[in-house]
Amino acid sequence: MRRIARYKLLLAACVAWACLWLPPLRSMLESDMTLHMTVQLPLLTAIGVMLAMVLRPHEPCWFADADWLGIPGVLLAIFTTSLWMLPRMLDLALGNVSIDLLKFASLPLLAGLPLGLSWPRVPALGRAFLWANLISMLATMGGLYLGAPQRLCAYYRLDQQSAAGTALVAIAIVLGLAWFIVLFIGAPSPAKPRSADKSRINERFGWGASHTFPRS
Amino acid sequence: MTTQAIGTSRGGIDAGIAVRAYLAVTGIVLLLMMLFGFTMRLAQAQWINIEPNTFYMILTMHGSGMVGITGLSGAAVMWYFVRRHVPVSTGVFVANLVFFLVGALLILGSGFIGGFAGAWTFLYPLPEHSGGLWSANAAAFYMLGLLVIGVGFLLLHLDVLRGIISVYGGLGAGLGAKQAFGLAPEKDGPPPAVAAATMASISNIVGIVIGAVVLVLMLVTLYVPSFTFNTLLAKNLIYYFGHTFINVTIYMAVIAVYEILPMHTHRAWKTNRAFYLAWVLSTLMVLTVYPHHLLMDFAMPTWMLIAGQIISWVSGLPVLLVTAFGALTNVYRSGIKWSVAAGLVFIGVAGWAIGVIPAIADGTVIVNSVMHNTQWVPGHFHTYLLLGMVAMMLGFMAYIGGGRAPSRLGPAGLWTFLIGGAIFVLAFLAGGAASVPRRYAVHLPGWLPYDRVGVIGAGLVVIGTSLLVTRFFLALRSPMSGDGIR
Numbered sequence: 001m002r003r004i005a006r007y008k009l010l011l012a013a014c015v016a017w018a019c020l021w022l023p024p025l026r027s028m029l030e031s032d033m034t035l036h037m038t039v040q041l042p043l044l045t046a047i048g049v050m051l052a053m054v055l056r057p058h059e060p061c062w063f064a065d066a067d068w069l070g071i072p073g074v075l076l077a078i079f080t081t082s083l084w085m086l087p088r089m090l091d092l093a094l095g096n097v098s099i100d101l102l103k104f105a106s107l108p109l110l111a112g113l114p115l116g117l118s119w120p121r122v123p124a125l126g127r128a129f130l131w132a133n134l135i136s137m138l139a140t141m142g143g144l145y146l147g148a149p150q151r152l153c154a155y156y157r158l159d160q161q162s163a164a165g166t167a168l169v170a171i172a173i174v175l176g177l178a179w180f181i182v183l184f185i186g187a188p189s190p191a192k193p194r195s196a197d198k199s200r201i202n203e204r205f206g207w208g209a210s211h212t213f214p215r216s
Numbered sequence: 001m002t003t004q005a006i007g008t009s010r011g012g013i014d015a016g017i018a019v020r021a022y023l024a025v026t027g028i029v030l031l032l033m034m035l036f037g038f039t040m041r042l043a044q045a046q047w048i049n050i051e052p053n054t055f056y057m058i059l060t061m062h063g064s065g066m067v068g069i070t071g072l073s074g075a076a077v078m079w080y081f082v083r084r085h086v087p088v089s090t091g092v093f094v095a096n097l098v099f100f101l102v103g104a105l106l107i108l109g110s111g112f113i114g115g116f117a118g119a120w121t122f123l124y125p126l127p128e129h130s131g132g133l134w135s136a137n138a139a140a141f142y143m144l145g146l147l148v149i150g151v152g153f154l155l156l157h158l159d160v161l162r163g164i165i166s167v168y169g170g171l172g173a174g175l176g177a178k179q180a181f182g183l184a185p186e187k188d189g190p191p192p193a194v195a196a197a198t199m200a201s202i203s204n205i206v207g208i209v210i211g212a213v214v215l216v217l218m219l220v221t222l223y224v225p226s227f228t229f230n231t232l233l234a235k236n237l238i239y240y241f242g243h244t245f246i247n248v249t250i251y252m253a254v255i256a257v258y259e260i261l262p263m264h265t266h267r268a269w270k271t272n273r274a275f276y277l278a279w280v281l282s283t284l285m286v287l288t289v290y291p292h293h294l295l296m297d298f299a300m301p302t303w304m305l306i307a308g309q310i311i312s313w314v315s316g317l318p319v320l321l322v323t324a325f326g327a328l329t330n331v332y333r334s335g336i337k338w339s340v341a342a343g344l345v346f347i348g349v350a351g352w353a354i355g356v357i358p359a360i361a362d363g364t365v366i367v368n369s370v371m372h373n374t375q376w377v378p379g380h381f382h383t384y385l386l387l388g389m390v391a392m393m394l395g396f397m398a399y400i401g402g403g404r405a406p407s408r409l410g411p412a413g414l415w416t417f418l419i420g421g422a423i424f425v426l427a428f429l430a431g432g433a434a435s436v437p438r439r440y441a442v443h444l445p446g447w448l449p450y451d452r453v454g455v456i457g458a459g460l461v462v463i464g465t466s467l468l469v470t471r472f473f474l475a476l477r478s479p480m481s482g483d484g485i486r
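Protein chains in written order, with this note's numbering: chain A, 1 to 216; chain B, 1 to 486.
Worth double-checking, as some hints may not be accurate.
Between beta-carbon pairs, the in silico distance windows are [unchecked claim]: (1) A/Pro23 - B/Val365: 54 to 60 angstroms; (2) A/Arg2 - B/Leu123: 47 to 53 angstroms; (3) B/Pro185 - A/Ala124: 26 to 32 angstroms; (4) B/Pro185 - A/Leu175: 52 to 58 angstroms; (5) A/Ile4 - B/Ala307: 54 to 60 angstroms.
Some chain A residues well away from chain B (every beta-carbon gap over 10 angstroms; in silico) [unchecked claim]: (6) Leu76; (7) Arg88; (8) Leu183.
By construction, these hints were calculated from the structure, which means they are not laboratory data. Keep in mind the model is a prediction, meaning the values are calculated, not measured. Using N, Cα and C, we set each Cβ at its ideal position, and we do this for glycine too.
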């Protein structure tokens with residue numbers, strides 16, 4: 001990415017961050033549990049991903065080496081997002097401005113940024129597993145919100161909680177379908193592997209000369 | 001015709017040893033689960049006496065164990081043959097085996113130590129209402145075991161699809177969707193093993209993800225019973241997962257037919273538009289047919305029951321027809337020299353085809369309302385699983401262990417297995433036709449003749465399988481046999 005494009009992206013991230021913090025938008029998004037969970041939190045994480053795209057060229061080698069297969073970064077992102085999926089944390093953020101500030105800082109910097117930096121280092125299988133796990137966990141969280149016998153957040157009504165649960169299940173289904181369609185259509189390229197492709201694949205998957213690529 | 005391609009992955013794990021380890025575990029667990037089944041039939045026949053609680057615990061272990069081990073052995077068949085066409089990871093393959101063993105230990109512990117007896121269906125809210133027969137921890141161990149096994153299979157199927165996408169570009173191309181709809185020449189379509197592996201992996205990933213949702217939700221309700229959710233929805237999710245998983249075992253095992261028969265007939269397995277269309281349609285239908293398990297649930301939406309019935313009539317047919325027709329044409333006047341492996345995979349196709357007929361009958365609402373809780377159901381599913389899927393898997397085992405195994409063990413095992421299997425499933429079907437209920441620990445005197453014939457069949461199945469598994473273990477001493485043809 002060219003330097004000017006990076007500056008534009010940085011500017012866009014900062015503007016989005018500020019807009020989300022400012023009262024009109026913040027009040028609107030936090031007034032409804034569904035909007036809070038399915039719009040504000042993902043947008044804050046997305047800001048971190050944008051920051052990662054800006055910072056990636058300046059990433060020190062030792063940092064990239066330490067982030068082996070992207071595991072530390074992805075784990076940090078998972079722990080941070082898991083924390084903000086807890087109803088207790090949503091309540092605290094609504095009732096205490098310093099906790100809300102923590103949310104606005106932690107989701108971009110401890111979830112989106114490490115996720116954006118680490119994602120390209122995660123092997124294809126790991127990325128697929130994380131996608132499958134995300135879809136499964138979103139539906140599970142949705143099911144728990146739907147099945148909860150009482151309000152889990154002091155600031156949200158029971159009907160808002162049910163709506164949030166339904167939204168999470170719906171997002172899980174949409175994500176699953178979208179993922180499947182993208183993989184089903186796939187790349188418009190090759191139909192059958194040629195022998196040259198076979199050696200390329202061997203190389204790509206780290207199989208040395210000792211591995212006999214299957215003959216078809 | 002293909003040749004063996006067994007190599008060492010970058011992790012240094014030998015693929016040949018990994019496949020043999022899968023089959024060794026399969027042989028041991030399969031025999032153990034068969035002995036559980038034999039014990040239950042003996043108890044129903046009143047030739048031995050076991051407590052009903054123990055019977056239902058054994059029923060739970062037998063059901064879960066058989067579903068798991070057929071899944072594991074089907075995965076071995078799929079992985080072994082699909083790796084001839086796409087790059088897949090041996091490390092992930094071995095990881096699936098490790099996950100399976102850990103999960104199996106948790107499940108066996110939940111039953112034999114914790115007394116969990118909620119059946120493989122673990123229908124909500126039964127696991128949390130045991131009436132004092134088992135604890136929440138025992139039920140949790142059972143569900144954790146299923147989750148751990150699911151993680152392994154999820155990784156394996158994702159890795160297979162990753163390999164297919166890396167070579168063919170997308171899942172549609174791996175399935176032969178363009179060839180199915182006449183948008184690309186048939187000759188450019190994927191090999192049968194790739195099309196089948198694509199279908200099996202897509203279906204199982206969807207099923208496992210949905211199964212994980214219901215399992216985690218039920219784990220929460222075990223310890224926080226005030227959390228409740230719709231019992232019918234839970235049943236739908238469980239059957240979506242369970243039906244898909246057990247159905248896919250057949251679609252993975254059928255790859256053995258596509259690969260082993262042509263080696264014996266020296267004729268390539270023909271793929272054409274009908275073949276690819278069958279696999280595309282089966283992918284859609286396997287993912288939508290599960291409501292036929294809920295035909296007796298009056299609260300289900302009517303449209304789902306109608307869809308379940310109609311799809312159930314046609315779901316298995318496309319792939320079954322192209323496979324059965326393909327097998328017959330492949331063998332007919334080919335001058336085939338039969339081996340144990342070829343014989344077993346051929347029997348597998350026949351068992352699958354025959355078993356589908358009583359299954360389709362049971363998939364009809366008016367029949368289902370009378371037959372569903374009778375032995376007709378274990379009759380039909382044992383036909384296509386025991387004489388279909390397991391026969392194909394034993395054929396694969398014979399193919400891998402062909403080597404220097406004693407020559408008489410194989411034919412003796414094959415015929416004992418076949419005759420015993422036929423007696424065993426016919427006893428179930430006849431019992432079902434006479435309205436003998438299924439899943440009852442204690443049987444009335446009028447039902448005993450069916451049970452006693454069933455015991456004889458089950459005993460022969462155990463003997464036949466033991467011979468075939470012994471043959472495999474004896475052959476383990478020899479190096480990987482290459483094409484395994486004897």
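Hints, one by one, checked against the model:
no. : hint                                    : result
1   : A/Pro23 - B/Val365: 54 to 60 angstroms  : 59 angstroms, holds
2   : A/Arg2 - B/Leu123: 47 to 53 angstroms   : 59 angstroms, violated
3   : B/Pro185 - A/Ala124: 26 to 32 angstroms : 29 angstroms, holds
4   : B/Pro185 - A/Leu175: 52 to 58 angstroms : 35 angstroms, violated
5   : A/Ile4 - B/Ala307: 54 to 60 angstroms   : 55 angstroms, holds
6   : Leu76                                   : 22 angstroms, holds
7   : Arg88                                   : 15 angstroms, holds
8   : Leu183                                  : 5 angstroms, violated
Going through the hint list in order, the structure does not satisfy hints 2, 4 and 8.
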